[in-house]
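With chain E's structure known, arrange chain U on it following the hints.
Protein chains: 2
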Amino acid sequence: MRTTTEQHLAPPRRLTAKGEATRSRIVEAAAGLVLLHGITRTGIEDVQREAGVSASQLYHYFGDKQTLMRAVLARQTAEVLAAQRPELDALDDFDALSRWRDRLVALQRARHCAGGCPIGSIATEVAEDDPDARADVVDSFEQWEAPIRSGLAAMRDTGLLRDDTDTDRLALALLAAVQGGLLLTQTRRTTVPLETALDAVIELIRSYRP
Amino acid sequence: MRTTTEQHLAPPRRLTAKGEATRSRIVEAAAGLVLLHGITRTGIEDVQREAGVSASQLYHYFGDKQTLMRAVLARQTAEVLAAQRPELDALDDFDALSRWRDRLVALQRARHCAGGCPIGSIATEVAEDDPDARADVVDSFEQWEAPIRSGLAAMRDTGLLRDDTDTDRLALALLAAVQGGLLLTQTRRTTVPLETALDAVIELIRSYRP
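If you read the sequences in order, they're chains E and U. Start counting the first sequence at 1; every next residue gets the next number (UniProt numbering). Start counting the second sequence at 1; every next residue gets the next number (UniProt numbering).
Okay, chain E solo, but in the shape it has when bound (with noise of 0.2 Å):
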């Protein structure tokens, strides 16, 4: 297991707030172009263009793409999990548990259930092609998992769910709920299949309060 993406988010040597302006604003850039287009697509010079930097500027921050890339991903986990917040650092009851789940439903219906999971999305078009930024999705997607896995332990913990619930298990689900909900809800162009993923394993959940 790799350390936290943290590390991806810090800024390769201590920047000026100007630099550290640029460099958030090309990384701005290229997520965007990323979540329309796909990593494969997205070149540096469109990066360069939509940010407005030159190509000696971007390399600068960024020595080759892989690295840009990184940065959108840890960019991009840090932005998912901060939509689903704060309901997914405290999913300790089943009414926060429902909260999340219609923040999450929200979020697509308010993007027209346009562009997916953008940590799924680049999970699909790095897995095969380059192991390091599928282990690095590897990180993300854990980022994701261990508050859901806190919760419903918490939830066990404090006699919400039997002694017995598996709940790493349960949290696991969930998960994947969200990730097939959230392919199907961006290919269907309707919020259905997330809210019946997410409604089908938050029920198997309530079976297990005692």
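Source of the hints: derived by calculation from the structure; they are not laboratory data. One or more hints might be untrue.
Unchecked claim - Negatives, chain E to chain U, calculated, CB over 10 Å:
id: 1; residue: G63
id: 2; residue: E128
id: 3; residue: V137
id: 4; residue: D164
Said to hold, decoys possible - Every beta carbon over 12 Å from chain U, so not counted as near; a handful from chain E, in silico:
id: 5; residue: R103
id: 6; residue: A110
id: 7; residue: I119
id: 8; residue: S121
id: 9; residue: A146
id: 10; residue: A154
id: 11; residue: T158
id: 12; residue: D166
id: 13; residue: V178
id: 14; residue: T187
To be verified - Distance ranges between label pairs, derived from CB positions:
id: 15; chain 1: E; residue 1: K65; chain 2: U; residue 2: D46; range: 16 to 22 Å
id: 16; chain 1: E; residue 1: L36; chain 2: U; residue 2: S98; range: 16 to 22 Å
id: 17; chain 1: E; residue 1: Q57; chain 2: U; residue 2: K65; range: 30 to 36 Å
Computed from a predicted structure; not experimentally measured. We treat Cβ as the ideally placed atom computed from N, Cα and C, and that holds for glycine.
Frame of chain E; chain U shown alone:
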């Protein structure tokens, strides 16, 4: 809703046996490259080389890359469904459901968890950039979901599930579990996510026994 993918499988005109074999070899070569590298990174020249055909031969059978990629999706869909048979067509009791689940897991184990779902990967790649291709993927997923729906409905009709069971909803949750499970299995290179996701929804289905 569009018509079935059968029409895309049909050759554009009546072909001789030799022509049919050449066409099929081109689609096979293209499908292999798409599995490894995705649609974007699969160039027409790569397909020519891999299939051992000339540019004019390829053009004869597929006027453009989009037409070829439709044929690739149709082929992948047929293969994905065939790999789940005979179970997929008769998911009408709990044993069949278990055997289907085991078959899906065994397939991933056999390929060392690489590759993910050929249909899901294409879905991710085309969803935002190509509405026609996205509509084709909707068809592909529907061809997959329909027999799951039929199987669970049969289980309800024969009394294995309660009369009031919403089997359509459970079928969609199962397909989402397959997709999310496959994506996480591909990323983590272990069948645990696929097994966990499928087992969770199957456990929920079992809870609907009379």
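Okay, the hints, checked on the actual structure:
Its beta-carbon lying about 22 Å from the closest one in chain U, E:G63 satisfies the requirement of being farther than 10 Å from that chain. With a closest Cβ-Cβ approach of about 6 Å to chain U, E:E128 is found to fall inside the 10 Å limit, against its non-interface label. E:V137, annotated as away from the interface, has a beta carbon of chain U within 10 Å; the closest lies near 5 Å. Against chain U, the non-interface label of E:D164 holds: every CB pair exceeds 10 Å, the least being about 14 Å.
Listed as a non-interface residue, E:R103 keeps its Cβ farther than 12 Å from every Cβ of chain U; the least gap is roughly 18 Å. Chain U leaves E:A110 outside its interface by the beta-carbon criterion, the shortest separation being 16 Å against a cut-off of 12 Å. Non-interface status of E:I119 relative to chain U is broken: a Cβ of that chain comes within 12 Å, the nearest being about 9 Å off. The beta carbon of E:S121 sits about 5 Å from the closest Cβ of chain U, which is not more than 12 Å, so the claim that it is off the interface is violated.
For E:A146, the shortest C-beta to C-beta distance to chain U comes to about 14 Å, beyond the 12 Å cut-off, and the non-interface label holds. Every Cβ of chain U is farther than 12 Å from the Cβ of E:A154; the closest lies at roughly 20 Å, confirming the non-interface assignment. Non-interface status of E:T158 relative to chain U is upheld: no Cβ of that chain comes within 12 Å, the nearest being about 22 Å off. With 12 Å as the threshold on Cβ separation, the claim that E:D166 sits away from chain U is violated: the shortest Cβ distance comes to roughly 9 Å.
With 12 Å as the threshold on Cβ separation, the claim that E:V178 sits away from chain U is violated: the shortest Cβ distance comes to roughly 7 Å. At roughly 5 Å from the closest C-beta of chain U, the C-beta of E:T187 falls inside 12 Å, breaking its exclusion from the interface. E:K65 and U:D46 have their C-beta atoms about 21 Å apart, which keeps the hinted 16 to 22 Å range intact. Distance hint check: the CB atoms of E:L36 and U:S98 are about 41 Å apart, inconsistent with the given range 16 to 22 Å.
Separated by about 35 Å at the C-beta atoms, E:Q57 and U:K65 satisfy the suggested range of 30 to 36 Å.
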